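Undergrad: Take a look at the letters that make up each chain.
There are 2 protein chains.
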Amino acid sequence: MTKTPTWAFDDLAVGQTFALGPKHVTAGEIVAFASEFDMQPMHLDEEAGKASLLGGLAASGWHTCAMFMRMACDTLLLDSTSQGAPGVEYARWRRPVLAGDTLSGEAEVIALRRSEKRPQLGYVTFRHRLRNQRGELVFELEHAGMFLTRDAIS
Amino acid sequence: MTKTPTWAFDDLAVGQTFALGPKHVTAGEIVAFASEFDMQPMHLDEEAGKASLLGGLAASGWHTCAMFMRMACDTLLLDSTSQGAPGVEYARWRRPVLAGDTLSGEAEVIALRRSEKRPQLGYVTFRHRLRNQRGELVFELEHAGMFLTRDAIS
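Here the protein sequences come in this chain order: H and G.
The numbers in the numbering used here rise by one with no breaks, and the one at position 61 of the first sequence is 61.
The numbers in the numbering used here rise by one with no breaks, and the one at position 14 of the second sequence is 14.
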């Protein structure tokens with residue numbers, strides 16, 4: 001770590017928000033991700049996407065998760081004491097993410113809990129939301145991440 | 001679609017399982033995914049991984065999700081009437097996925113529900129599990145996917 005992180009467990013409060021994005025999503029990115037991880041036709045081909053429930057060349061839901069994660073890294077995690085996360089409470093792909101869309105949103109702290117076993121660690125529950133350029137909700141995710149306390153790094 | 005898919009909604013039954021993997025996970029794959037989507041040090045560097053809770057160069061949890069999805073495509077989805085999924089009920093990263101690990105597991109059908117609004121569509125709830133080469137559970141995921149009925153494609 002080259003500098004002391006700005007955000008430790010103690011610095012986060014319920015109701016606090018961090019901006020996510022904007023992230024422009026290209027057809028090339030959609031196809032590259034899908035070719036490796038999710039080769040369903042609606043994620044690989046414009047015509048197949050149009051013929052599907054999704055209505056166009058659409059990002060794999062897992063690609064949306066991965067793009068969300070990059071936005072969370074950029075806005076908070078890389079300048080924090082994040083120690084990863086044990087899992088995801090839920091994820092909802094509310095609307096298709098189509099080639100050409102621009103995603104933005106926010107990460108909101110909804111709960112904080114210090115670890116009982118490890119006093120220098122705390123769990124931070126976030127609700128994340130992403131919208132497209134028309135303001136339509138496309139993605140929701142709730143998860144709890146683990147962060148070191150400021151004591152642990154000072 | 002070049003052939004009629006083997007698996008439609010009607011062909012799936014509660015308790016049925018599909019094998020996932022094996023998938024060998026390389027350091028190069030871990031770093032490539034993390035460089036694009038999750039640049040936390042424990043996903044980019046062996047030493048940083050060893051110094052972290054994860055104990056070594058470890059795949060991003062989202063990379064594990066993406067690798068799971070590829071296994072699900074290979075075992076079932078690409079030869080099915082899958083129409084995607086509205087979300088994830090939960091995901092648990094139970095243990096780190098480290099460079100050199102080999103993942104395998106199963107997708108189990110745990111519930112089936114025909115859509116009320118769209119009689120030619122059904123929801124299939126799966127519980128997915130992945131283990132490493134030591135048989136340790138590393139990943140669990142529950143989600144409901146949408147599949148067309150056989151009527152819809154015949």
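Derived by calculation from the structure, the hints in this document are not laboratory data.
Bear in mind that the values here come from a model prediction, so they are computed numbers and not experimental data.
Check each hint, because a few of them may be wrong.
[What the hints assert, rightly or not] Simulated crosslink set (BS3-like; lysine-lysine; CA at most 30 Å straight-line):
id, chain 1, residue 1, chain 2, residue 2
1, H, 23, G, 3
2, G, 117, G, 23
3, H, 3, H, 23
4, H, 117, G, 50
5, H, 50, G, 50
6, H, 3, G, 50
7, H, 23, H, 50
[As the list claims (entries may be wrong)] Pairwise CB distance ranges, derived in the manner of DEER restraints:
id, chain 1, residue 1, chain 2, residue 2, range
8, G, 123, H, 150, 24 to 30 Å
9, G, 26, H, 55, 33 to 39 Å
10, G, 108, H, 113, 41 to 47 Å
11, H, 154, G, 108, 26 to 32 Å
[Unchecked claim] Covered stretches of chain G (chain H as the covering partner; in silico rule of three or more C-beta atoms under 8 Å from a C-beta of chain H):
id, segment
12, 11 to 18
13, 84 to 93
14, 99 to 105
15, 108 to 118
16, 124 to 137
C-beta atoms are modelled at their ideal positions from N, C-alpha and C, and glycine is treated no differently.
Undergrad: Against each hint, give a clear statement of whether it holds in the structure.
TA: A quick look at each hint next to the structure:
Between residue 23 of chain H and residue 3 of chain G, the direct Cα distance comes to roughly 37 Å. Violation of the 30 Å bound is thereby established for this hinted pair. Restraint check for residue 117 of chain G and residue 23 of chain G: the C-alpha separation of about 38 Å exceeds 30 Å, so the hint is violated. Among the hinted pairs, residue 3 of chain H with residue 23 of chain H is consistent with the structure: their alpha-carbon atoms are about 27 Å apart, no more than 30 Å. For the proposed pair residue 117 of chain H and residue 50 of chain G, the alpha carbon gap of about 21 Å is at most 30 Å, so the pair holds.
Simply put, residue 50 of chain H and residue 50 of chain G have alpha-carbon atoms about 46 Å apart, too far for the 30 Å limit, and the pair is violated. With a C-alpha separation of about 20 Å, the suggested pair residue 3 of chain H and residue 50 of chain G falls inside the 30 Å cut-off, and the hint holds. For the suggested pair residue 23 of chain H and residue 50 of chain H, the alpha carbons sit about 23 Å apart, so the restraint of at most 30 Å is met. Taken as a hint, the range 24 to 30 Å is violated for the pair residue 123 of chain G and residue 150 of chain H, whose Cβ atoms sit roughly 45 Å apart.
In this structure, residue 26 of chain G and residue 55 of chain H meet the distance hint of 33 to 39 Å, their C-beta atoms being roughly 36 Å apart. For residue 108 of chain G paired with residue 113 of chain H, a C-beta distance near 31 Å fails the hint of 41 to 47 Å. Evaluation of the 26 to 32 Å hint for residue 154 of chain H and residue 108 of chain G yields a failure: the beta carbon distance comes to about 47 Å. With 0 residues carrying a beta carbon less than 8 Å from a beta carbon of chain H, the segment 11 to 18 of chain G misses the three-residue requirement, and the given coverage is violated.
Figure legend: the segment 84 to 93 of chain G, annotated as covered by chain H; annotation consistent (10 residues with Cβ-Cβ distances under 8 Å, at least 3 required). Counting residues of the segment 99 to 105 of chain G whose beta carbon lies closer than 8 Å to any beta carbon of chain H gives 0, which falls short of the minimum of three for the stated coverage. Coverage of the segment 108 to 118 of chain G by chain H is violated [criterion: at least 3 residues with CB-CB distance below 8 Å; count 0]. Coverage of the segment 124 to 137 of chain G by chain H is violated. Counting CB-CB distances below 8 Å, 0 residues qualify, and the rule asks for three or more.
Checked against the numbered hints above, the structure violates hints 1, 2, 5, 8, 10, 11, 12, 14, 15 and 16; every other hint is satisfied.
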